[in-house]
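> Residue strings, one per chain:
2 protein chains.
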Amino acid sequence: MGDKVETVTAAVLVIGDEILSGRTKDKNIGYIAEYLAAIGVDVREARVVPDIEDEIVAALNALRGRYDYVFTTGGIGPTHDDITADAVAKAFGVGIDEDPRVMAMMLERYKLEDLTPARRRMTRIPFGADLVENSISKAPGFRIGNVIVMAGVPSVMQVMLDGAAKTLKTGVPMVVATIEVGPIPEGRYGDALGEVAAARPGVIIGSYPSFADGKFRNQIVVRSKDAAKVAEACAAVEAMLQTIRADLKPL
Amino acid sequence: MGDKVETVTAAVLVIGDEILSGRTKDKNIGYIAEYLAAIGVDVREARVVPDIEDEIVAALNALRGRYDYVFTTGGIGPTHDDITADAVAKAFGVGIDEDPRVMAMMLERYKLEDLTPARRRMTRIPFGADLVENSISKAPGFRIGNVIVMAGVPSVMQVMLDGAAKTLKTGVPMVVATIEVGPIPEGRYGDALGEVAAARPGVIIGSYPSFADGKFRNQIVVRSKDAAKVAEACAAVEAMLQTIRADLKPL
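Here the protein sequences come in this chain order: G and Z. As numbered in this note's numbering, residues 1 to 251 make up the first sequence, in order. As numbered in this note's numbering, residues 1 to 251 make up the second sequence, in order.
A few of these clues could be false.
Since the list can't tell identical chains apart, any single copy or any two copies may satisfy a pair.
[Claimed, not checked] Here are the simulated lysine-lysine pairs, DSSO-like style, with alpha carbons at most 30 Å apart:
hint : residue 1 : residue 2
1    : Lys229    : Lys25
2    : Lys27     : Lys215
3    : Lys166    : Lys225
4    : Lys138    : Lys169
5    : Lys225    : Lys169
6    : Lys138    : Lys166
7    : Lys166    : Lys90
8    : Lys138    : Lys25
9    : Lys25     : Lys166
10   : Lys27     : Lys90
11   : Lys225    : Lys27
12   : Lys90     : Lys169
13   : Lys138    : Lys111
14   : Lys169    : Lys229
15   : Lys138    : Lys215
16   : Lys90     : Lys138
17   : Lys215    : Lys25
18   : Lys215    : Lys111
19   : Lys215    : Lys166
It should be emphasised that the hints constitute simulated quantities derived from the structure, not laboratory data.
Using the sequences and the hints, build the whole thing.
Here it is, written out as structure tokens:
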């Protein structure tokens, strides 16, 4: 990991018709968000766009100007619908061609006569990009400027993220504490929790219901880059819940 | 369902810090995309934004101007971090207050003295909105203009989507066919598939690898609103694969 700075931000851009049609359920946003949070990079936004060059370029340019990093997934394979590398080159206004470094990697896996035009498509890398290693299926991702371009297949994306993470500047990770509320409904503690939160501007406090087996179950999550503030806020939340439990009567 | 028109588009806007921190893995984008595809509404974009009013307003205004419908999830509960209804009112430039229709619904579930300010927060609905029924936990979603506002808890979102779907204009659903390629690598058929696709501009053809147990497995997906075109394209893909299989030699 590189230099420590206070706050490093990122966006995730998922590229692929198959996600927007519902055929494939995205698993990359959640994985990347959790991974980056742990190393102190805060994901602030995510988008899913179709395999249409103008849409990819517009989203890339909106996000790369706004966040420290943009992580894309999808569209770097060998078929005609894999247009991410060309879209990234267009967004950066640079050329793109078969990259000799990637050709060398591909020749470790394929004989020259088996490097079909489709496979050679995967060697097209925008000028000026660094490669991101793919230990699973060779064809690499790449990084240009603050944009990291990765595969869509989750297992391949994950090894690329491992590689790319080493090159990132990272911030102070969020300290996160989760308080199990049990069966008290949100509506019973919402007002008191709002007061606890309003008094602690440096701390993010959320209340998250989930629903299973016909019952709601709530968790309160406390987050801050300052561990002492998290501890203090957790104590305040627990004290608040204790008061409400003591007062609890059947509805 | 309402009138049939050729193409109806939609975006999904997921609202919530918990998704961007990776704590909660989104399941709503995939569900909504698949549900809407089946009734002829094409999801063209999805975004995830944090619990920050300006971010929600900006995303809403970008998406609602561009697509026929916007479906939001999250941020309509009783706690201080539930700010979606206020953000939607702001995006539309309308007022917001406790809604007598929702108060009546809440009084079916709670006694008046148990309607805490937190619970009353869930009765705040932008002026001019229609309600979207919530058969699970009463507090409704709503629809204003082309924006449908739903809960974040998947089971609650799903019953709201059932209710909202009845009010939508719907298009011609995509006809989707999936061809199992088996173990032929994408790089072997990518060129031929590209030719099949290029010759059929009204048909969307994608190739999707997945990776499990150390092996890639590919599927080709053919989509069009015209069933005859899908059938013709599938036949062309199958013929192409047959040629490649006949020619297959070990690499």
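> Does each hint fit the structure? Answer for all of them.
Comparing the hints with the structure gives:
1. In this assembly of identical chains, Lys229 and Lys25 lie within 30 Å of each other by CA distance solely across copies; the values are 26 Å between and 37 Å within a copy.
2. Proximity of Lys27 to Lys215 under the C-alpha cut-off of 30 Å is found in both arrangements, the shortest distances being 26 Å within a copy and 19 Å between copies.
3. Taking the shortest alpha-carbon separations for Lys166 and Lys225, only the intra-copy value of 21 Å comes in at or below 30 Å, while the best inter-copy value is 45 Å.
4. Taking identical chains as interchangeable, the C-alpha atoms of Lys138 and Lys169 lie at most 30 Å apart only when both belong to the same chain, with a minimum of 26 Å there against 46 Å between chains.
5. Within a single copy, Lys225 and Lys169 get their C-alpha atoms as close as 16 Å, which meets the 30 Å cut-off; across copies the closest is 46 Å, which misses it.
6. For the homomeric pair Lys138 and Lys166, the shortest alpha-carbon distance inside one copy (19 Å) is at most 30 Å, but the shortest distance between copies (48 Å) is not.
7. In this assembly of identical chains, Lys166 and Lys90 lie within 30 Å of each other by CA distance solely inside one copy; the values are 26 Å within and 42 Å between copies.
8. Taking CA atoms no more than 30 Å apart as the test, Lys138 paired with Lys25 passes in both settings, with 25 Å inside one copy and 29 Å between copies.
9. Proximity of Lys25 and Lys166 under a CA criterion of 30 Å is satisfied in both settings, with 28 Å inside one chain copy and 25 Å between copies.
10. For the identical chains of this complex, Lys27 and Lys90 are intra-copy neighbours only, at 27 Å inside a copy versus 32 Å across copies, given an alpha-carbon limit of 30 Å.
11. Both within a single protomer and between protomers do Lys225 and Lys27 lie at most 30 Å apart by alpha-carbon distance, with minima of 26 Å and 28 Å respectively.
12. Within a single copy, Lys90 and Lys169 get their C-alpha atoms as close as 26 Å, which meets the 30 Å cut-off; across copies the closest is 36 Å, which misses it.
13. In this assembly of identical chains, Lys138 and Lys111 lie within 30 Å of each other by CA distance solely inside one copy; the values are 14 Å within and 64 Å between copies.
14. For the homomeric pair Lys169 and Lys229, the shortest alpha-carbon distance inside one copy (24 Å) is at most 30 Å, but the shortest distance between copies (50 Å) is not.
15. In this homomeric assembly, Lys138 and Lys215 come within 30 Å of each other (Cα to Cα) only across copies, at 14 Å, whereas the closest approach inside a single copy is 47 Å.
16. Only within a single protomer do Lys90 and Lys138 lie at most 30 Å apart by alpha-carbon distance; the minimum there is 24 Å, versus 49 Å between protomers.
17. Taking the closest pair of Cα atoms, Lys215 and Lys25 come within 30 Å of each other both inside a single copy (26 Å) and across two copies (20 Å).
18. For the identical chains of this complex, Lys215 and Lys111 are inter-copy neighbours only, at 20 Å across copies versus 59 Å inside a copy, given an alpha-carbon limit of 30 Å.
19. Taking identical chains as interchangeable, the C-alpha atoms of Lys215 and Lys166 lie at most 30 Å apart only when they sit on different chains, with a minimum of 27 Å there against 43 Å within one chain.
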